[in-house]
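Trainee: So the sequence lines, in the order shown, correspond to chains S and W.
When we follow this note's numbering, the leftmost residue of the first sequence carries the number 1, and every step to the right adds one.
When we follow this note's numbering, the leftmost residue of the second sequence carries the number 1, and every step to the right adds one.
Wrong hints could be hidden among the right ones.
As the list claims (entries may be wrong) - Using 20 Å as the maximum straight-line C-alpha spacing, the simulated DMTMM-like pairs for lysine to aspartate or glutamate come out as follows:
# : chain 1 : residue 1 : chain 2 : residue 2
1 : W       : K39       : S       : E111
2 : S       : K92       : S       : E111
3 : W       : K179      : S       : E198
If you're looking for bench data, these hints aren't it; they were derived computationally from the structure.
Residues per chain, in single letters:
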Amino acid sequence: MSRERFMQNVRRALGRSGAVPEAPPPPHIDEPIVRLVHTEVGLSELFVRMARQNQMVVEQVSVEELAKRLIASLRAHECRRNALSGGGLVEKLQLVSALRADGFHAKSWDEMTLDELYDVDAGVTDVRFAVAETGSLVIDGSRAHGRGLSLVPPAHFAVVESKNLVPDLVDLFDQLSRDAQPANSVIITGPSKTADIEMNLVTGVHGPGVVHVFMVK
Amino acid sequence: MSDLTHRPLDENTQDFLEQAHASKFDFHKLSVKAAGDEKLKRSIELAVMRQDEGRTSRLRELPDPDALRTLAGAIKQHALDHLDFYLEQLEANVKRNGGHVHYASTAVDARRIIADIARRANCTRCIKSKSMASEEVELAPALERAGIDVVETDLGEFIVQISKDRPSHLVAPIVHKDKASIAKLFSEYFAAPYDDDPRALTMQARRHLREKFRRADLGITGGNFLVAETGQVCIVENEGNARQSLTTPRVLVSLVGIEKLVPRLADLSVMLKLLARSATGQHLTVYTSLFGRPRSRDDDDKRDERDGPDEFHLVLLDNGRSEILGGEYRETLRCIRCGACLNTCPVYRKIGGHAYGSVYPGPIGALITPLMQGLERFKDLPQASSLCGACYDACPVKINIPQHLINLRRDIVSKRLESRRERIAYRLWAWVVASPVRYRLMCAAQRLVLRRRARDGWVSKMPAPGAGWTDVRDMPAPAPKSFHQLWRRRPR
């Protein structure tokens with residue numbers, strides 16, 4: 001009943017008496033005024049530049065050196081306990097075993113609980129997309145990707161491949177509209193931050209204070 | 001149906017609420033007090049001017065910022081003009097995705113619906129992220145009365161909550177507080193030594209709130225956009241606390257005003273490119289989340305999730321919006337709550353947000369507060385503007401705020417809501433200036449009086465009603481001869 005009254009109020013406000021079967025098409029999105037990145041060339045350079053502008057740390061690595069460089073970074077940040085996503089190079093290169101072999105505590109997301117994540121030092125994930133325009137990472141929730149992996153641990157290490165790159169937010173939403181939508185997608189554009197106290201920028205307020213990206217060549 | 005929110009309130013709370021609602025809103029008194037507060041002005045200028053500069057420089061990155069603002073305004077206007085259709089489309093999609101949709105016509109409905117959801121699911125530990133809609137319906141106190149522990153998790157809102165204060169800005173809720181007062185508050189609240197380092201203060205809040213995140217069973221969020229074609233909610237934030245609400249608790253509730261609809265996912269590229277730039281001078285906020293259903297459960301599907309809520313409830317809020325939709329002020333519902341009009345407003349910069357007497361301050365608040373809560377009580381707000389037009393220039397969805405403020409002033413007069421004194425004064429004025437003889441007589445009298453009071457070319461003290469002017473500034477003495485006199489004696 002409350003629904004009917006609610007909808008009636010909206011319809012009455014619009015001068016209509018019953019439900020309408022359709023609406024005219026919404027305004028055309030004129031790409032030249034929305035799009036900032038017009039080329040597919042140099043996307044990884046643009047992504048790296050923008051991600052750094054967003055205070056992410058970016059390392060450019062080859063597939064062969066990825067595991068070694070990840071281990072060096074985890075060691076530098078004193079991340080002993082690590083949680084890893086499935087999927088992408090994280091799975092293909094069996095980074096869980098690589099970390100364990102090097103003496104780290106490493107667990108794959110599908111063998112742990114969200115609560116355990118609160119005691120982990122770093123989350124290591126691949127990404128679904130990386131947006132060159134804004135230097136952002138896009139991650140969907142799935143069996144292999146806990147929502148908490150890129151949120152709860154104080155550091156987030158992300159593996160980006162050039163096939164993940166899209167030029168512009170326009171392209172990102174175009175891609176996202178094509179597939180069935182996951183229950184959760186997040187666009188990450190830097191470490192968690194706040195400027196609530198007298199405009200002083202503080203990172204790592206509720207999410208990771210460190211976002212470290214490996215851009216795989 | 002037993003309803004926890006209908007329990008009688010604690011006597012003190014009841015008194016407070018009654019007084020708060022019955023007391024006369026006195027904009028003049030509040031704004032004069034705020035304008036004299038030097039500390040407040042410094043805090044506001046620091047934050048607000050920086051955000052305003054950030055906005056103007058960031059907008060220049062866009063190929064054609066003006067055209068993009070026009071497009072964003074057109075998209076929101078289209079959604080409003082066909083809101084009935086898009087609401088039904090949204091509802092169908094949320095339900096198809098396994099979520100529940102609730103309809104709150106009033107603030108009372110919203111509080112009751114959400115308290116019911118919590119009670120049915122046996123939730124007692126709630127983490128709430130920043131939401132203007134929840135401030136508007138005073139949700140947190142209502143849930144607390146229903147026995148739920150509600151924690152505001154946005155750093156600014158957390159500080160507002162523990163100091164029993166009110167937010168004073170749409171985006172930066174504690175822009176009116178300095179770090180010394182926050183440090184003092186924290187040292188009392190956490191029983192810890194005083195430390196006014198912003199990083200130390202932030203980390204203290206982080207440790208406290210992290211335990212709350214970990215144990216929460218109910219997450220409450222607002223929403224920046226509702227996407228009709230996919231049935232999704234979009235939230236932007238910098239801290240990650242809204243993401244926590246979507247991750248840990250088993251029940252997730254999003255309370256969102258109906259004006260937040262956009263038709264397509266693609267519309268978000270237009271909106272997001274403007275929102276963060278206009279709000280804080282970022283090209284995008286740190287986190288942009290898209291959600292709107294329980295966690296994926298299909299065991300055969302790779303999308304089967306191991307964290308996220310079991311239940312998702314979307315609570316759609318009207319609370320006066322459909323009434324605005326039906327009148328000449330429909331365009332004001334385009335607002336995406338970026339706060340750009342506050343940051344750029346010469347009045348807001350001097351008096352801050354609290355003087356506006358509502359959760360929506362600044363130029364947009366001066367407009368929608370009277371529309372949502374009654375012109376009679378808030379009839380002073382449409383006057384809280386110099387009509388300079390800076391807000392219209394800043395608005396990313398091109399709401400013509402100054403024009404609407406003028407229209408509201410017209411409504412005040414046509415509904416005879418202005419004071420008796422004002423009405424009589426204007427009638428007298430009209431009578432005088434309608435006749436050349438009376439007009440010249442008045443000017444001559446004025447010149448005579450003012451020139452007699454002038455010292456060194458300035459009048460610094462006038463009798464009432466002119467005292468209102470000279471109490472705060474001097475007035476130049478009038479010229480010895482009027483323009484009319486000079487014109488008559490001009491050499492031909």
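Trainee: Would you mind marking each hint as holding or not holding in the structure?
Mentor: Here's how the hints hold up against the structure:
With a CA separation close to 53 Å, the supplied pair W:K39 and S:E111 exceeds the 20 Å bound. With a C-alpha separation of about 17 Å, the suggested pairing of S:K92 with S:E111 holds against the 20 Å cut-off. Between the alpha carbons of W:K179 and S:E198 the distance comes to roughly 6 Å, so the proposed pair stays at or under 20 Å and holds.
In terms of the numbered hints stated before, the structure departs from hint 1 and from no other.
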